[in-house]
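2 protein chains.
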Amino acid sequence: MDLTATTTTLAGAAAEVARLLPSRVFDPVLAGVLISADAHGVVLAGSDREHAVRLARTALVHAEGRALVPAKPLAETLRALDTEQVRLVVEGSRLAIRTPGARFALPLLDVDVHPGVPEPPPLTGTVRGALLQAAVVAAASAASRDDALPIFTGLRMWVENGRLAMMASDRYRMAMVTLPWQPAPDGAPLDLLAPAAVLVDVVKQVGRADSVALHADADRIGLTWGSDSVSTALLAAPFPDERARKLLAATVSGTVEVDADALAAAVRRASPYAGPHGTVTLVPADGELRVQGSDPQAGESEEAVKAVVSGHHGTKVYQARYLADALRAFTGRTVRMRLQDGLRPTVFTAEPDETEVELTYLVVPMRPPAH
Amino acid sequence: MDLTATTTTLAGAAAEVARLLPSRVFDPVLAGVLISADAHGVVLAGSDREHAVRLARTALVHAEGRALVPAKPLAETLRALDTEQVRLVVEGSRLAIRTPGARFALPLLDVDVHPGVPEPPPLTGTVRGALLQAAVVAAASAASRDDALPIFTGLRMWVENGRLAMMASDRYRMAMVTLPWQPAPDGAPLDLLAPAAVLVDVVKQVGRADSVALHADADRIGLTWGSDSVSTALLAAPFPDERARKLLAATVSGTVEVDADALAAAVRRASPYAGPHGTVTLVPADGELRVQGSDPQAGESEEAVKAVVSGHHGTKVYQARYLADALRAFTGRTVRMRLQDGLRPTVFTAEPDETEVELTYLVVPMRPPAH
Chain A
1 MDLTATTTTL
11 AGAAAEVARL
21 LPSRVFDPVL
31 AGVLISADAH
41 GVVLAGSDRE
51 HAVRLARTAL
61 VHAEGRALVP
71 AKPLAETLRA
81 LDTEQVRLVV
91 EGSRLAIRTP
101 GARFALPLLD
111 VDVHPGVPEP
121 PPLTGTVRGA
131 LLQAAVVAAA
141 SAASRDDALP
151 IFTGLRMWVE
161 NGRLAMMASD
171 RYRMAMVTLP
181 WQPAPDGAPL
191 DLLAPAAVLV
201 DVVKQVGRAD
211 SVALHADADR
221 IGLTWGSDSV
231 STALLAAPFP
241 DERARKLLAA
251 TVSGTVEVDA
261 DALAAAVRRA
271 SPYAGPHGTV
281 TLVPADGELR
291 VQGSDPQAGE
301 SEEAVKAVVS
311 GHHGTKVYQA
321 RYLADALRAF
331 TGRTVRMRLQ
341 DGLRPTVFTA
351 EPDETEVELT
361 YLVVPMRPPA
371 H
Chain B
1 MDLTATTTTL
11 AGAAAEVARL
21 LPSRVFDPVL
31 AGVLISADAH
41 GVVLAGSDRE
51 HAVRLARTAL
61 VHAEGRALVP
71 AKPLAETLRA
81 LDTEQVRLVV
91 EGSRLAIRTP
101 GARFALPLLD
111 VDVHPGVPEP
121 PPLTGTVRGA
131 LLQAAVVAAA
141 SAASRDDALP
151 IFTGLRMWVE
161 NGRLAMMASD
171 RYRMAMVTLP
181 WQPAPDGAPL
191 DLLAPAAVLV
201 DVVKQVGRAD
211 SVALHADADR
221 IGLTWGSDSV
231 STALLAAPFP
241 DERARKLLAA
251 TVSGTVEVDA
261 DALAAAVRRA
271 SPYAGPHGTV
281 TLVPADGELR
291 VQGSDPQAGE
301 SEEAVKAVVS
311 GHHGTKVYQA
321 RYLADALRAF
331 TGRTVRMRLQ
341 DGLRPTVFTA
351 EPDETEVELT
361 YLVVPMRPPA
371 H
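Line order of the protein sequences matches chains A and B.
Read in order, the letters of the first sequence correspond to residues 1 to 371 in our numbering.
Read in order, the letters of the second sequence correspond to residues 1 to 371 in our numbering.
The hints are simulated quantities; they were obtained by calculation from the structure and are not laboratory data.
Model, not experiment: these values are computed from the prediction.
One or more hints might be untrue.
Treat identical chains as interchangeable: a pair holds within one or across any two.
Below, in silico cross-link-like pairs of lysine to aspartate or glutamate (DMTMM-like), each with a Cα-Cα straight-line distance of 20 Å or less [unchecked claim]:
#1 Lys72 <-> Asp186
#2 Lys72 <-> Glu351
#3 Lys204 <-> Asp27
#4 Lys306 <-> Asp286
#5 Lys306 <-> Glu84
#6 Lys306 <-> Asp82
#7 Lys306 <-> Glu351
#8 Lys72 <-> Glu300
#9 Lys204 <-> Asp325
#10 Lys246 <-> Asp82
#11 Lys72 <-> Glu302
#12 Lys246 <-> Glu50
#13 Lys246 <-> Asp27
#14 Lys72 <-> Asp210
#15 Lys204 <-> Glu160
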């Protein structure tokens, strides 16, 4: 194999493969980048069996072939180069990365031992990249980061009423998003539970893609856009769909309409006073929502945020960071908080905007501290 | 006490006091900010006995007085405010931070229990802020971060031939800097060992000060500029001055002149190949300096950097990060490396530039790996 490519192009692709593959694996072959050069250009790919990534890039190929090398030193070396072009060439048992005056030689790993990079599962439909990114980030913010309970680390995805739907919950809050969906003709069905953190990582790259294709079967979900393709294994656990739907059917006792950013700023200012349990108290009042904090060391805080308050309502106590996560998902918009009695969740929604992403966010209030 | 001040001014001062006082202290009073308001404005001060900081700021004082409050929540609250002005007013057992619509109430700590904020020791002389910052950062980069051997965490400071001199060493490298110095008439002598990390923290603020005054006695060093004043306790241990001077008297066998940034970039690119001991090898050759790395997993690297090489010289092995630290101190300049035989240190210098800060940096080479 022997090729010349633009350094930044190749460095970006190598960094992406290195980022999506776990760096600590038992078998170093699984942390390798498979570089394949042919008449069409170069493909950088990798798979640790769970995740798979395949990125096609333009290159001037002098000799076709392929090579498997450790992902991290490849990415680090390419990133540190300051020449416009770089040459990759197999020399004996090494892949040489050559620029004028410098040669970096990575050991070749055994291609035959590599499990291969699986093709994406069948196509199910397409979405706009920017919408997919916004929807995944918003929904996944309600997922748990604790691997001990895998279902709560998952992002539930399915198609409902012609729209793509996503849901996640860590039991203390829940987010549900729907967005426009273009089903593929004879497309495979989409109904799965994917690892939320992996999807958040992957969609960082899709924001500028006009169209992102979703692929799925019983075992994997795949995303393809431009000449990039990523797939990952699904979570096997069953998501408690019914319980989630029941939570969405709220019995509203009062509503508060407030600027999401203004409330988020007040919650941030109350955070030094959030006390040992990290809580803030919201007190709906006439024309305003009062944000209160109290901490045995730091003292007390109270701030009034302009709001439209209606119906029956009482004081609610929330985890400050859950409230901040919920409000961040509505950045730049007016959020409507629908309050329910007791410890039933508060429902956050907003009027649909031009992006057509519709979000419902639930946060379960906490028991007020005993006095 | 009751005053109104510009929020950003007060927030900056509170952040500075909070940054320079340790946040984890046994006695919460020592993590407090002492706020004093009188006809001249407001002073924010703090001291944990070891460090002391005093910052005078403009304020409209409605009622004179003073208050001691926890530094961290004060700094966090002021930083998060988005109003132009803020009012601080003592209300009962609280210091209230007030803006339209919001009130944050910090508990008052007992002023009478506070040890007080010591005045700076006697004046010794003055230096330009930008030069002091550059000199301290360069010299301190050779100091140890390991508190187990306190003298090697110190920055030695004295006056020599009418210039301010500084020196630090962790035993594997050493930096010596001199810069222009304006002694105070009848000024106290300057000859001390100060904690390098504290000074690096303090000089972050002095870069734009035309003149920084240095104060010292047998126990403390103080820096004052504008309306700011910081002092800290000296290290009691004696620095091995004589050994350091012997190291500076080099027996040069060969020299290499090279662009510091070009060599630093090559060392950075060799770092993924620096192996288990984090080393790079420099091989002086005809018109170039070759930078080599070798790692059992990552592979090998070799890069040639244009250089003027003269005299007798051989291959040298260095810790990559020590080499990087030394070269960073010469950013933008041509560095002259003077090589000595065997494991005697390599001496890095540059032609004096318009700033008149003169730097000598020593790095001890390592024994080449056995084959």
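>> As a check of your reading, is lysine 246 near aspartate 82 (CA-CA no more than 20 Å) within one copy, between copies, both or neither?
In response: neither (57 Å within a copy, 40 Å between copies)
>> One pair to classify: lysine 306 and aspartate 82, alpha carbons no more than 20 Å apart. Within, between, both, or neither?
In response: Between. Shortest inter-copy distance 15 Å satisfies the 20 Å Cα cut-off; intra-copy 53 Å does not.
> Is it within, between, both or neither when you check lysine 306 against aspartate 286 at 20 Å Cα-Cα?
Replying inline: Within one copy, since 9 Å is at most 20 Å while 74 Å is not.
> Using 20 Å as the alpha-carbon threshold, which applies to lysine 204 and aspartate 325: within, between, both, or neither?
Replying inline: Within. Shortest intra-copy distance 18 Å satisfies the 20 Å Cα cut-off; inter-copy 34 Å does not.
> Should lysine 72 paired with glutamate 302 be assigned to within, between, both, or neither, using CA atoms and 20 Å as the limit?
Replying inline: Classified as between; 18 Å across copies, 49 Å inside a copy.
> How would you classify lysine 72 and aspartate 210 at a CA-CA limit of 20 Å: within, between, both, or neither?
Replying inline: For lysine 72 and aspartate 210, the Cα distance exceeds 20 Å both inside one copy (30 Å) and across copies (46 Å).
>> With identical chains, the pair lysine 204 and aspartate 27 could be close in the same copy or across copies; at 20 Å between alpha carbons, which is it: within, between, both, or neither?
In response: neither (27 Å within a copy, 46 Å between copies)
>> Within, between, both or neither: how does the pair lysine 246, glutamate 50 come out at a Cα-Cα threshold of 20 Å?
In response: neither (33 Å within a copy, 59 Å between copies)
> At most 20 Å between C-alpha atoms: does lysine 72 with glutamate 351 qualify within a copy, between copies, both, or neither?
Replying inline: This pair counts as neither: shortest intra-copy Cα distance 45 Å, inter-copy 39 Å.
> When no copy is specified for lysine 204 and glutamate 160, does a C-alpha distance of 20 Å or less occur within a copy, between copies, both, or neither?
Replying inline: neither (25 Å within a copy, 57 Å between copies)
> Under a CA distance limit of 20 Å, which applies to lysine 306 and glutamate 84: within one copy, between copies, both, or neither?
Replying inline: Cα proximity of lysine 306 and glutamate 84: across copies only (19 Å, versus 54 Å in one copy).
> For lysine 306 vs glutamate 351, is the C-alpha pair at or below 20 Å within one copy, between two copies, both, or neither?
Replying inline: within (18 Å within a copy, 63 Å between copies)
Against the hints set out earlier in the document, violations occur for numbers 1, 2, 3, 10, 12, 13, 14 and 15.
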